[in-house]
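Novice: Keeping the supplied structure of chain S fixed, place chain Z upon it in accordance with the hints.
Each chain is listed here by its residues.
There are 2 protein chains.
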Amino acid sequence: MMALTLLRRKCVAGTDRAEGSDDTLVTGPVVVLIEPQLGENIGMAARAMMNCGLTDMRLVKPRDEWPNQYAEAAASGATMVIERARVYDTTEAAIADLQMVYATTARSRDMTTEVVTPREAVVRMKKDETCGVRSGVMFGKEAKGLKNDDVALANSILTVPLNPVFTSLNLAQAVFALGYEWFQLGTETEDAVLAIPKETRLANKMELQGLFDHLETELDDSGFFHVLEKKPTMVRNIRNVLQRARFTEQEVRTFRGIITSLVKKRKS
Amino acid sequence: MMALTLLRRKCVAGTDRAEGSDDTLVTGPVVVLIEPQLGENIGMAARAMMNCGLTDMRLVKPRDEWPNQYAEAAASGATMVIERARVYDTTEAAIADLQMVYATTARSRDMTTEVVTPREAVVRMKKDETCGVRSGVMFGKEAKGLKNDDVALANSILTVPLNPVFTSLNLAQAVFALGYEWFQLGTETEDAVLAIPKETRLANKMELQGLFDHLETELDDSGFFHVLEKKPTMVRNIRNVLQRARFTEQEVRTFRGIITSLVKKRKS
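Quick mapping for you: the protein sequence lines, in order, are chains S and Z. Start counting the first sequence at 1; every next residue gets the next number (our numbering). Start counting the second sequence at 269; every next residue gets the next number (our numbering).
Here chain S stands alone, though its shape is the one from the complex (with noise of 0.2 Å):
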């Protein structure tokens, strides 16, 4: 067993993409289910390697027939994964054409072996991806997990960092961990963005001027400020509070229409 750590480098002749693979689209990792017992388990797998991108999924010995409908019914859609899934009988020739490969385990082995996480798991994948290495994560059954003999055929094995004193994971959400992670690598997502409506935009300053002017012309107007020494105090406080709450142009219209309305109702 040769520890992963060891193993990473950039690319070199002779790495690149394999010859003559007709996976060349296929990017991720392969998902490796052994012996899964419910179809809909394999299903819910499906969906979630569908969300996150993943589509090359291999069954070693399922349970129950295959081609399974609880495992289509539960795939919600993600068919194009179910469809292209290949069955196995064993589990070296599932992972035969394989360069990498990983097994999940939640409980600790006998055995020295480096144990990744799947954010780390992830960013090797990447990088070997690049290098034309092919990577697979073995998934055990429900409720039993991978057998030590499946784990010795691993290079690293992959824990999904929980609650420890809850940690057996749904077979789904097990699958769901790595894809997420997987998607969120190559995802350029903002951490953060507002969001605003095609007709609008956010509202400039002189916009924002206007509503202030507005508002203190009617507060003025009303008495609200009627102990005068602290007038600068109180504007500065809604000034503030109206600053943060980042108006488009729309809302800064919709807001003095609300002035507006507010006082017709006070004079009349």
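It should be emphasised that the hints constitute simulated quantities derived from the structure, not laboratory data. Check each hint, because a few of them may be wrong.
[To be verified] FRET-style restraints, in silico, Cβ to Cβ:
#1 65/S x 463/Z: 34 to 42 Å
#2 96/S x 435/Z: 30 to 38 Å
#3 147/S x 468/Z: 19 to 27 Å
#4 531/Z x 149/S: 40 to 48 Å
#5 65/S x 470/Z: 41 to 49 Å
#6 532/Z x 84/S: 44 to 52 Å
#7 329/Z x 96/S: 49 to 57 Å
[As the list claims (entries may be wrong)] Within a straight-line C-alpha distance of at most 20 Å, the following computed SDA-like cross-link-like pairs (lysine to any residue) qualify:
#8 466/Z x 106/S
#9 141/S x 106/S
#10 147/S x 364/Z
#11 231/S x 204/S
[Said to hold, decoys possible] According to the in silico footprint, chain S covers these stretches of chain Z (three or more CB under 8 Å from chain S):
#12 303-312
#13 318-331
#14 428-439
Each residue gets a CB set at the ideal place from its N, CA and C atoms; glycine is no exception.
Specialist: Just chain Z now, with coordinates in the frame of chain S:
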């Protein structure tokens, strides 16, 4: 509506943990399921929460009776979450004690709202929590998601970055995406560690050199290095691959046993 980014700040006086709160030991965001339909999904969500150390679940108008036997079964032991779950008639009531509320949605809404990823959201929630600010995340009913009226009660939208052609996320998976990020934030798990059984340890270089010497002597003896000028390179290559394996002291002994055994066979 106030933009969340503008509320980022260190704790200031008066925002310390709420007085008289009976939830002082609870940490992490509250999970608010709005009009959930299947008890099974509530149970799987509870299991996902427990996996991630979250315990405060609230249900707004669940379709079926509560307590619900299907929820209990699907929770697979996350009984504490199910038993503590509270049921509300309105979303407003369910979030009344929370200061920051996020609305989970994949679809873009025709609203001016900040959209954050789970990874960013949990960082904010953690900071807020240290200032006594409790956060909650709303999840809509299966398939349909949240109503716009519920989204409008939130400070921000929370969107899990997913495969744009397949964003339909199972309810429990959406809860898990949040919980998973929350737990990763708090965990001090190393990205990668070498797990070694208690009764052994990594071999030291003297032990490893012993293995090299043993192997190379026997290879010499067996005629393996018959092209003498190639011997230095071959020795280096063999040592390289064995170094990468990061042998334990036990494994060194095993491999020396292997060499002895192989030699015996040849010699006999």
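Novice: Does the structure break any of the earlier hints, and which numbers would those be?
Specialist: Violated hints (numbers, rising): 4, 10, 11 and 12; every other hint is consistent with the structure.
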